[in-house]
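**Student:** Okay, here's what each chain looks like letter by letter:
Number of protein chains: 2
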Amino acid sequence: MYKDATVAEINEVMEKAWKAFHLYRKLSIRQRAALMRAIATGLDQSPDALIQTAMQETNLPEARLRNEKARTVFQLNSYADACERGEWLEARIDTANPDRNPPKPDIRKMLVPLGPVVVFGASNFPFAYSTAGGDTACALAAGCPVIVKAHPAHPDTSEIVAGIIHEAVKQQQLPEAIFAHVHGASFEVGKALVTHPYTKAVGFTGSYLGGKALFDWANQRKEPIPVFAEMGSINPVWLLPGKLQQSATDIAKMYAGSITLGVGQFCTNPGLIIGVEGEPLQQFITALGNEIRQIAPGTMLHPGIAKAYEEKKSTALGQQEVSTVAKSATAPAANQGVPVIASATGKAFLNNPVLHQEVFGPYSLVIRCADAAEMLQVAEKIEGQLTATLMATEQDMLDNDDLVEAVKNICGRFILNSVPTGVEVCLAMQHGGPFPASTDGRFTSVGADGIKRFARPVSFQGWPDSLLPAELKNGNPLGIWRTVNNEVTKNTL
Amino acid sequence: MYKDATVAEINEVMEKAWKAFHLYRKLSIRQRAALMRAIATGLDQSPDALIQTAMQETNLPEARLRNEKARTVFQLNSYADACERGEWLEARIDTANPDRNPPKPDIRKMLVPLGPVVVFGASNFPFAYSTAGGDTACALAAGCPVIVKAHPAHPDTSEIVAGIIHEAVKQQQLPEAIFAHVHGASFEVGKALVTHPYTKAVGFTGSYLGGKALFDWANQRKEPIPVFAEMGSINPVWLLPGKLQQSATDIAKMYAGSITLGVGQFCTNPGLIIGVEGEPLQQFITALGNEIRQIAPGTMLHPGIAKAYEEKKSTALGQQEVSTVAKSATAPAANQGVPVIASATGKAFLNNPVLHQEVFGPYSLVIRCADAAEMLQVAEKIEGQLTATLMATEQDMLDNDDLVEAVKNICGRFILNSVPTGVEVCLAMQHGGPFPASTDGRFTSVGADGIKRFARPVSFQGWPDSLLPAELKNGNPLGIWRTVNNEVTKNTL
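Protein sequence lines, in the order shown, are assigned to chains R and G.
So in the working numbering, spot 206 of the first sequence is number 206, and the numbers just go up one at a time.
In short: position in the second sequence from 1, add 1000, done, that's the working numbering.
A hint or two may mislead.
Stated by the list, open to error - Calculated cross-link-like contacts (lysine-lysine; reagent style DSBU-like; alpha-carbon spacing at most 35 Å): (1) G/Lys1347 <-> R/Lys212; (2) G/Lys1170 <-> G/Lys1016; (3) G/Lys1347 <-> R/Lys26; (4) R/Lys212 <-> G/Lys1170; (5) G/Lys1473 <-> G/Lys1026; (6) G/Lys1490 <-> R/Lys26; (7) G/Lys1408 <-> R/Lys26; (8) G/Lys1473 <-> R/Lys26; (9) G/Lys1104 <-> R/Lys253; (10) G/Lys1347 <-> R/Lys191; (11) G/Lys1473 <-> R/Lys253; (12) G/Lys1490 <-> R/Lys212; (13) G/Lys1347 <-> R/Lys347; (14) G/Lys1408 <-> R/Lys16; (15) R/Lys473 <-> G/Lys1490; (16) R/Lys408 <-> G/Lys1019; (17) G/Lys1222 <-> R/Lys307.
Hint data in this document are derived by calculation from the structure and do not stem from the laboratory.
In this text the structure is predicted, and so the values were computed from the model without any measurement.
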């Protein structure tokens, strides 16, 4: 058991982070990348005790945790590569024109770090979205010190990973306070971190209630700061008629796997499936029900999540318009989540906002619409989503252009003929959707574009080459892509 | 006189804008650029009545207004060019790898428009930051309909420009509701626009009180939306010892001009000048005072601004620690702003927050610091600024590295050996600083990067080439720069 950090401890941590910021921000992108790679190496070579500890704390299976650890190492290394490539810096150079009237000055712009970043560990990703996870990697790449608040459901795992980061910081001979690790189960610790004047941005992955509280605190500060909270989603899936006619049973099998993957504990879990009433949809529902009955319940991350799943599921199934299609034939043990499929009409969905709520776990609701117009109405009614999926033939897409446009308008990632679970770590990934999926859908929390969350542009006007940052010098010593007089180039000036 | 728009009228305008959004967003970047160029042409060819009306409403001189109109035409055309070049779209393509385990899907990302944008006209830029100004141009480029609330100080000017935009929309055969124009002198009109569910972003240039109110309303919505409020600044200038020794009198002349330019009614007006007490600083103060005495008062934009200037100036000069150095030798007529220079010690500045406040008009406060350490303390104490300036030799810069870093940390544009007034319209420009200079210092309101304020990324996963947006198709039909498998290129796939 760890004690919650006190306000005095948090003040001390933030003072040190602020001092370290002034040193760390001056490091070149190569030095920052070297630190990230050292953390990646430390994590990669960590002893088995880390996996064992994570298994005990999260109930996640060994294979999943080993995969997630490997993904976290990959994230650190690939974001380090992106940090060094430097496209994220958005370097722009507009050269002087002394002959113009009035003379045009030399102006050069690049992104600079915001300052200390507070990262909240996520319960469902003890490695990839926790202590050395995506937010930490992005903030370090941007040049920001990081203060991680360990998730109280896996504090020992977090401690071990924090030790690896401390070791890497020491090995790179950098100021210790570039990274700090605090514990806290109470809201007060989170509030003290978010409202501290030296905190300049916040990264969070978790519930709507948690993320929204951080967002409100951050905006009520004297100096408001950005909060990047990824708050989950119901990840709607539309089954269009042509595709459904072709492969109702195959889609059902694919989705039974996606709905129950990791006991449904992913923010990209498909919690809503929408089709037009009729024989093919009934065939899909029957097949999905048959699959779900055969899938055993799994142990959830911690008792709090299992309890919340039971409660939200009960609320959803307790709505008059909702009927249970199928549930797992296996009885659950303590803290296990039971796979369940439910169903309701499009009309019910449009009239009852309870049906729009996320049920975090292996649950999905199939919406039976009267016609294509009602499917479109559903799309227009749904709030912001991390992902949206169409199961559709090309002809379906052409026939339903309005639906395609409406769906594009509510999501961050738009998937065709696949499942939303499985978030690729690559530059083209957008993980973050319109509110309430995220507090700031203009940024991603997966992929190296996430670095840009923790930086802002500064223009340098009239600076001599000798004093400019390396990124903006005439000779382009870092060899990065820059936009020079509106032309994208790696050339020197 | 125009009546304030009613809530019913605003509802109707927003409903129409929302419908128009679904049509406008589908237009190619070339079609959007064509609209912007048509507006530019209309404005360029506008009859002299427009300038005459603006002169009557704003008290600004004819030459300034003709220049500002030309700048507005340039903005529209240059942002149209940037819209078509498409770098702002941040197109990313990561191709599939079916051989990987698990198979890697094809993922492609680009920015898409947010939705209807409300733009508040600025009192001090009736053309460049009003009806067809920078915010409107950026929002149209991004694919967003625009609703302008005319500034109540120049409603007729705004009406004429709105007519030019309506004409351009018609000429391009686009939906009329892509652009709407409403009037409103009361806070209620602004609040109704910002809190309307169909409003998806806000652009504003004006006072801290106005901008912060919009920001708070926007964040208290059920669906919070971004507000890009540029709220002014005191634009501190540090006089470093080597440079001051060399050219105290020249700097004083340059700054007398900058402080009084446009009767001081620019958000980049240098309101604070900081130096180390001693003979060179005294020489600078004496020379600046001599210049200021010779500069006549000018008529301000409207009586409200003249009144506010008098009040804020009185408050500042009423502080015990503040002494008046010089004021214009010419007595002011009604609504004229009198150039004034005041002075105080570094210690007084550090202890009295009233001295940090913007006095919008031809006023500047010279801070006499005890030593270099106190100059650094001043930099660490000042809140976010649009600009900061150093008057410094290269040796000064090397000797004061901590000051340079501290100043970089508080500003959006960092100027060396020039004046902050005069904002170049180019891609490398950053006009927007840390709060309270702006509500979101991660974005600029001048330069084509301002387009990105009104867009967000969407990833397309597993889409066939035929259905992808043109920006992301294999053949790159728009010929834009894209990052393909982490390589920046214009090549086809």
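**Student:** Now, for every hint given, state plainly whether the structure supports it.
**Tutor:** Taking the hints in turn, this is what the structure says about them:
1. G/Lys1347 <-> R/Lys212: Since the Cα atoms of G/Lys1347 and R/Lys212 sit roughly 41 Å apart, the hinted pair is violated (cutoff 35 Å).
2. G/Lys1170 <-> G/Lys1016: Roughly 16 Å separates the two Cα atoms, so the pair holds.
3. G/Lys1347 <-> R/Lys26: Judged against 35 Å, a Cα distance of about 29 Å means the pair holds.
4. R/Lys212 <-> G/Lys1170: The hint is violated at about 43 Å.
5. G/Lys1473 <-> G/Lys1026: Between G/Lys1473 and G/Lys1026 the Cα gap is close to 15 Å, so the pair holds against 35 Å.
6. G/Lys1490 <-> R/Lys26: Roughly 33 Å between the alpha carbons, so the hint for G/Lys1490 and R/Lys26 holds.
7. G/Lys1408 <-> R/Lys26: 11 Å, holds
8. G/Lys1473 <-> R/Lys26: Measuring from Cα to Cα gives roughly 40 Å; hence the hint is violated.
9. G/Lys1104 <-> R/Lys253: 20 Å, holds
10. G/Lys1347 <-> R/Lys191: Holds, at about 33 Å.
11. G/Lys1473 <-> R/Lys253: Given that 35 Å is the threshold and the Cα spacing comes to 31 Å, the pair holds.
12. G/Lys1490 <-> R/Lys212: 40 Å, violated
13. G/Lys1347 <-> R/Lys347: 68 Å, violated
14. G/Lys1408 <-> R/Lys16: 20 Å, holds
15. R/Lys473 <-> G/Lys1490: Roughly 25 Å separates the two Cα atoms, so the pair holds.
16. R/Lys408 <-> G/Lys1019: With Cα atoms ~15 Å apart, R/Lys408 and G/Lys1019 stay inside 35 Å; holds.
17. G/Lys1222 <-> R/Lys307: Within the cut-off at roughly 27 Å; holds.
Violated hints, listed in ascending order, are 1, 4, 8, 12 and 13; each of the other numbered hints is respected by the structure.
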